[in-house]
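Enquirer: Sequence:
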Amino acid sequence: MSEVFKRRQWLLELIVDDESYTHHLLKNGEAVGCVTTSKQALTGCSSEYLGDMEYLCVATAEFIERYFPITVSQTSLELAPAVVFSTKDKLHEQYLSQYFKMKTGSWREHKIPSSESFLDAILQGLGYGLVGHLQAEPLLKKGLLIEITPGKRKRVSLYWQHWNIKAKQTTIIYRSLAVTAKQSLCHD
Numbered sequence: 001m002s003e004v005f006k007r008r009q010w011l012l013e014l015i016v017d018d019e020s021y022t023h024h025l026l027k028n029g030e031a032v033g034c035v036t037t038s039k040q041a042l043t044g045c046s047s048e049y050l051g052d053m054e055y056l057c058v059a060t061a062e063f064i065e066r067y068f069p070i071t072v073s074q075t076s077l078e079l080a081p082a083v084v085f086s087t088k089d090k091l092h093e094q095y096l097s098q099y100f101k102m103k104t105g106s107w108r109e110h111k112i113p114s115s116e117s118f119l120d121a122i123l124q125g126l127g128y129g130l131v132g133h134l135q136a137e138p139l140l141k142k143g144l145l146i147e148i149t150p151g152k153r154k155r156v157s158l159y160w161q162h163w164n165i166k167a168k169q170t171t172i173i174y175r176s177l178a179v180t181a182k183q184s185l186c187h188d
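In this text, residue positions in the sequence shown follow full-length UniProt numbering: the first is 1, and each later residue adds one.
Just so you know, the hints here were simulated from the structure itself, not pulled from any lab data.
The model shown is predicted, which means the values in this text are computed figures rather than measured ones.
A portion of the hints provided could be inaccurate.
To be verified - In silico PhoX-like links for lysine-lysine, alpha-carbon gap of 20 Å or less:
#  : residue 1 : residue 2
1  : Lys27     : Lys166
2  : Lys39     : Lys88
3  : Lys27     : Lys39
4  : Lys152    : Lys90
5  : Lys154    : Lys101
6  : Lys90     : Lys101
7  : Lys154    : Lys103
8  : Lys152    : Lys168
9  : Lys168    : Lys39
10 : Lys111    : Lys88
11 : Lys154    : Lys39
12 : Lys182    : Lys166
13 : Lys168    : Lys6
14 : Lys90     : Lys154
15 : Lys39     : Lys90
16 : Lys88     : Lys27
17 : Lys103    : Lys90
18 : Lys103    : Lys152
Based on the sequences and whatever the hints tell you, model everything.
Expert: Here's what the structure looks like:
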């Protein structure tokens, strides 16, 4: 997508938030479009499916050796510190509920509301966490991270919501976003 902005010399203001909450930015008029988990379009907006982000539960080898030497279980997950993005981020909660029948608050967690610092914390062995496949796969291949629960992944559908305005810029941005999403996200 960066090529679109460079070629046209457009300026970009990117507001980073949990994808479950970004539609509020659109609703409040703070953005002309957003990537969100909400399929239902807001009044006056359209919603376009982009694809699914697949999240893998990962940690360093040293962390696994310390907290999951035998297996990953409800008990070991209660003792091992997790790394979550923020208090808004419910992905970790949904994951542990779905696969381990754990109740909210029954685990320990670091809250790190920065994509880079979140991943850094996991790489430094502060905890385990759910990392999107786009970030996780290169680190798995290099052996820097290990998937601790193979076969137990969390998929999140992502949508591009935007105001129904006939502006050339938003159409071009969406087309570029759709191409990038088709190449990067999961489509079944």
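Enquirer: Are the hints correct? Go through all of them and say.
Expert: Do the hints match the structure? See the list:
1. Lys27 <-> Lys166: holds (18 Å)
2. Lys39 <-> Lys88: holds (18 Å)
3. Lys27 <-> Lys39: holds (14 Å)
4. Lys152 <-> Lys90: holds (17 Å)
5. Lys154 <-> Lys101: holds (15 Å)
6. Lys90 <-> Lys101: Measuring from Cα to Cα gives roughly 15 Å; hence the hint holds.
7. Lys154 <-> Lys103: With Cα atoms ~17 Å apart, lysine 154 and lysine 103 stay inside 20 Å; holds.
8. Lys152 <-> Lys168: Roughly 42 Å separates the two Cα atoms, so the pair is violated.
9. Lys168 <-> Lys39: Given pair lysine 168, lysine 39 is violated - Cα atoms ~24 Å apart, limit 20 Å.
10. Lys111 <-> Lys88: holds (10 Å)
11. Lys154 <-> Lys39: Given pair lysine 154, lysine 39 holds - Cα atoms ~17 Å apart, limit 20 Å.
12. Lys182 <-> Lys166: Violated, because 23 Å separates the two Cα atoms, which is more than 20 Å.
13. Lys168 <-> Lys6: holds (16 Å)
14. Lys90 <-> Lys154: Given pair lysine 90, lysine 154 holds - Cα atoms ~12 Å apart, limit 20 Å.
15. Lys39 <-> Lys90: This hinted pair holds, its Cα atoms lying about 17 Å apart.
16. Lys88 <-> Lys27: Roughly 18 Å separates the two Cα atoms, so the pair holds.
17. Lys103 <-> Lys90: holds (12 Å)
18. Lys103 <-> Lys152: Holds: lysine 103 and lysine 152 sit about 18 Å apart, inside 20 Å.
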